[in-house]
Amino acid sequence: MNFSETAHRRMLPFRFDGGTSSLFGVYHEPTDATPAREGVVLCPPFGQEAVRSHRMFRVLAERLSRQGFATLRFDFHGTGDSDGDGLEASIRHWSRDVLAADAELRRRSACSKVSWIGLRLGATIAALASGDARLNPDSLLLVDPIVIGADWLRELRESNVTALRQVYGLPQSEWSSLHKLIVEESATESVGFPLAESFKSEIAELDESIFAATKCRRLVYLIGRDDPGTLRLRRMAPVANISAAWVQVPESNWKFDDPANASMVPSQLLAAVVAALSDAPA
Amino acid sequence: MSRYLREEVVTFGDGQRLVGIITYPRSAPSHGRDRRSDGIAVLMSGVNVIPRFGPHRLNVRIARRAADAGLHAFRFDLSGLGDSLPSMSMGSFEEQAVDDVRAAMDEIQSRTGIERFLLFGICASAALSYSVALVDPRVVGCAMVDPYMYPTAKTRINRVLAHYRSDGILSLVKGWINGHVRSLGRRLGIGRPRQMPEGRDPNLDLGVRLPPKRDFANGLKRLIDRDVQLLLVHSGSVFYYYNYPKQFADGFRRFGLVGRVQADYMPSIDHTVTRLAAQELLTERLMTWIGQRFGTG
Chain A
1 MNFSETAHRR MLPFRFDGGT SSLFGVYHEP TDATPAREGV VLCPPFGQEA
51 VRSHRMFRVL AERLSRQGFA TLRFDFHGTG DSDGDGLEAS IRHWSRDVLA
101 ADAELRRRSA CSKVSWIGLR LGATIAALAS GDARLNPDSL LLVDPIVIGA
151 DWLRELRESN VTALRQVYGL PQSEWSSLHK LIVEESATES VGFPLAESFK
201 SEIAELDESI FAATKCRRLV YLIGRDDPGT LRLRRMAPVA NISAAWVQVP
251 ESNWKFDDPA NASMVPSQLL AAVVAALSDA PA
Chain B
1 MSRYLREEVV TFGDGQRLVG IITYPRSAPS HGRDRRSDGI AVLMSGVNVI
51 PRFGPHRLNV RIARRAADAG LHAFRFDLSG LGDSLPSMSM GSFEEQAVDD
101 VRAAMDEIQS RTGIERFLLF GICASAALSY SVALVDPRVV GCAMVDPYMY
151 PTAKTRINRV LAHYRSDGIL SLVKGWINGH VRSLGRRLGI GRPRQMPEGR
201 DPNLDLGVRL PPKRDFANGL KRLIDRDVQL LLVHSGSVFY YYNYPKQFAD
251 GFRRFGLVGR VQADYMPSID HTVTRLAAQE LLTERLMTWI GQRFGTG
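Listed in order, the protein sequences are those of chains A and B. When the first sequence is numbered by our numbering, its final residue is 282 and no position is left out of the sequence of numbers. When the second sequence is numbered by our numbering, its final residue is 297 and no position is left out of the sequence of numbers.
By construction, these hints were calculated from the structure, which means they are not laboratory data. Some hints here could point you the wrong way.
Each pair of labels, with its calculated beta carbon distance range [said to hold, decoys possible]: (1) B:M90 x A:S243: 44 to 54 Å; (2) A:T31 x B:N178: 22 to 32 Å; (3) A:Q166 x B:S183: 28 to 38 Å.
Over 10 Å on every C-beta distance to chain A, these chain B residues come out as not near it, computed from the model [as the list claims (entries may be wrong)]: (4) I50; (5) R52; (6) G70; (7) D83; (8) R102; (9) K174; (10) V228; (11) V261; (12) P267; (13) L276.
Using 25 Å as the maximum straight-line C-alpha spacing, the simulated SDA-like pairs for lysine to any residue come out as follows [claimed, not checked]: (14) B:K246 x A:S176; (15) A:K200 x B:R61; (16) A:K180 x B:K174; (17) A:K200 x B:Y240; (18) A:K180 x B:V49; (19) A:K180 x B:Y240; (20) B:K154 x A:K215; (21) B:K154 x A:L178; (22) B:K154 x B:L134; (23) A:K215 x A:K180; (24) A:K180 x B:Y265; (25) A:K180 x B:A162.
Cβ atoms here follow ideal geometry from the backbone N, Cα and C, with glycine treated the same way.
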C-alpha cells in the first residue's frame with residue numbers, strides 16, 4: 001500500500017442517504033485513534049461562502065483527523081455535489097440534512113459522542129438542527145453565525161452587486177448598462193446562487209431565538225466581528241444546562257468572488273476552532 | 001425512479017488519488033457497465049482553487065444538462081485541489097494536470113467503453129483542455145471560455161474609446177502624457193524600468209501562460225486537421241483583451257482559421273459565469289453547439 005492509498009483510506013468521498021435525496025460527503029477517518037476519540041460534523045455556509053471555505057473545511061477535517069476525531073463534511077441538498085437544484089434551497093430541509101449527516105457519521109465511526117461545527121449560515125442551521133436532534137451534539141461550535149436574517153438578506157443583495165462589479169472589471173461606460181440589470185437580479189440571486197422566494201422567507205425569519213433553543217452540552221461562539229446580531233446573542237440570557245463560551249477570532253471575508261483567490265484557509269481561525277474542540281472539558 | 005439523475009462518486013488515477021463525479025444519462029443501465037463506444041462524454045475539472053462542481057456550481061449544471069441530452073459527464077478535481085490528493089510526481093503542475101485529465105478519460109473509458117471526449121473549461125482549465133487535446137487523440141471537442149486571447153488594433157481602439165466615454169478627453173490626454181513622460185524617463189535612464197503590477201510575470205495573462213500567437217494558431221490547426229471541434233467563448237470580463245464579435249477572425253485570418261473555429265463573443269457573461277442568466281446562456285450555447293457538432297441531444 002503506498003502513501004496515496006493510505007491517505008485516501010482516511011479521506012473517503014461518498015454519497016449518503018439524505019432522506020428524500022442523496023447527499024455528497026467526505027469522511028475523514030481518525031489517523032491514530034481506534035476507535036475514534038469523537039466525531040465531528042462540519043456544516044458549510046451558503047453560496048459563494050461555501051466555495052470560498054471549501055479548502056478551509058478540507059484542511060480543518062484533516063487536522064481534526066490527525067487529532068483523533070472522525071470527521072464528516074458534506075454538501076446540503078441542492079448545493080455542491082449533492083442532488084438537487086439551488087432553487088430547492090431550504091433552511092428546514094438543510095436542518096434535516098445536518099441530522100442525516102450526524103447519523104451517517106455515527107454509523108461509520110461508531111462514535112457516541114459527536115460535535116458539530118458550522119460556519120456562517122451553516123452555524124445557524126446547526127443551531128436550529130440541534131433543537132430537533134434525537135441525540136444532541138456534544139459541543140456546538142458556531143463560527144460567525146447568521147443571526148438576523150433580514151440583515152443578511154440585505155448583505156447578500158449588496159455583495160452581489162459588489163462582486164459582479166469586481167469580476168466584470170469593465171470601464172464605467174460599459175458597466176453602466178449592466179449595473180441596472182444586476183441590481184434587479186440581486187433580488188433573486190446572490191453571487192451566482194439563486195435566492196428562491198421560499199428560501200428568502202425562511203432567511204427573513206431568522207433571529208436570535210434559534211440560538212436560545214439550542215440543545216447541546218457546550219456551546220462555543222467564534223466571532224470575527226461583532227455585528228448587531230452577535231451583540232443580541234451576547235445580551236441573551238444563558239441557555240439552561242449549556243455552558244457557553246465566546247472566542248474572538250480574526251475577521252474573515254467569506255463573501256467575495258475573486259476568481260484567482262476563491263478560497264481561503266485562515267490559519268488563526270483554524271487553530272482557534274481546533275483548540276476550542278480539543279480543549280473541551282468532558 | 002428518483003427524479004434526480006444518477007451520480008456516482010469515484011476515486012481514480014495513480015493510487016486512487018483523484019476524486020470525481022460521474023453523471024449518468026437516464027438511458028444508462030443502473031447496474032453494471034454501460035458499453036457505449038459510439039458515444040461521447042463531457043469532462044470538466046475544477047478551475048484553480050474552485051473544486052470540481054465549478055464556479056457557482058456551473059459544472060454541475062452542465063453535467064446534468066449533458067446527461068439529460070443522453071451524454072455521460074464527469075467532473076473531477078486535479079491533483080491536490082478540491083478533494084483530490086497531491087501527486088508524488090516531480091513534474092510541473094501543468095504536466096500533472098494533463099496527466100490527470102488523461103487519467104479521467106481512462107477512467108470513463110474503462111467504466112463505459114466511451115472513447116471520445118469533449119473537454120469544457122474556463123480560463124486555466126480552458127488552457128488545460130487545449131493542452132490535453134494536443135496530445136490525446138481521444139479528445140474530439142474542446143469548448144473553452146476565455147482561453148488565450150490576442151488583442152488586435154481594434155481591441156485597443158475600443159479600449160481607449162471606452163475610457164474616453166467613461167472618463168472624458170482630459171483623462172485620456174493625461175494618460176497619454178504620463179505614458180510618454182515615463183517612456184522618455186526610461187530612455188534617459190532616470191525612470192523606473194517598466195514593471196508588471198505586483199511583480200506579475202509579463203508572460204502570464206489572467207494567470208495563464210500565454211503562448212505566442214503563431215504557436216496557438218498552429219495548435220488550433222493541428223486540432224482542426226484531426227477533426228477536433230472547437231468552440232471559443234469570450235466573456236465580458238476580458239474587455240481589455242477581447243471586446244468585439246469579429247476579433248478572432250481579425251486576429252487569425254492570416255493563419256487561415258476563419259470559419260474553422262467557432263469563436264463567440266458573449267459580453268453579458270462574466271469570467272466565472274456568475275449571473276444565473278449567464279449560466280443558463282452559456283449552458284444553452286454549449287449544448288446547442290454539442291448538438292450541432294456531434295448530433296446529440
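Measure nothing beyond the straight line between the CA atoms of B:K154 and A:L178; if it is 25 Å or shorter, mark the hint as holding.
holds, 23 Å
Quick one, are B:K246 and A:S176 close enough, alpha carbons at most 25 Å?
holds, 23 Å
Between A:K180 and B:Y240, does the CA-CA distance stay at or below 25 Å?
holds, 22 Å
In terms of Cβ atoms, is chain A entirely out of 10 Å range of B:K174?
B:K174 clear of chain A: closest Cβ-Cβ about 15 Å, beyond 10 Å.
Can we confirm that no CB of chain A comes within 10 Å of the CB of B:I50?
violated, 5 Å
Does B:D83 sit more than 10 Å from chain A, CB to CB?
Nearest chain A Cβ is 5 Å from B:D83, so the label is violated.
Restraint status (C-alpha distance of B:K154 to A:K215 at most 25 Å)
violated, 64 Å
Are the Cα positions of A:K180 and B:K174 separated by 25 Å at most?
violated, 30 Å
Restraint status (C-alpha distance of B:K154 to B:L134 at most 25 Å):
Violated, at about 30 Å.
For the pair supplied as a hint, A:K215 and A:K180, is the alpha-carbon distance within the 25 Å limit?
violated, 45 Å
Could you check that no beta carbon of chain A comes within 10 Å of the beta carbon of B:V228?
holds, 27 Å
Pair hint outcome, A:K180 versus B:Y265 [Cα-Cα no greater than 25 Å]:
Since the Cα atoms of A:K180 and B:Y265 sit roughly 21 Å apart, the hinted pair holds (cutoff 25 Å).
Hints 2, 4, 5, 7, 12, 13, 16, 17, 18, 20, 22, 23 from the earlier list are contradicted by this structure; the remaining hints agree with it.
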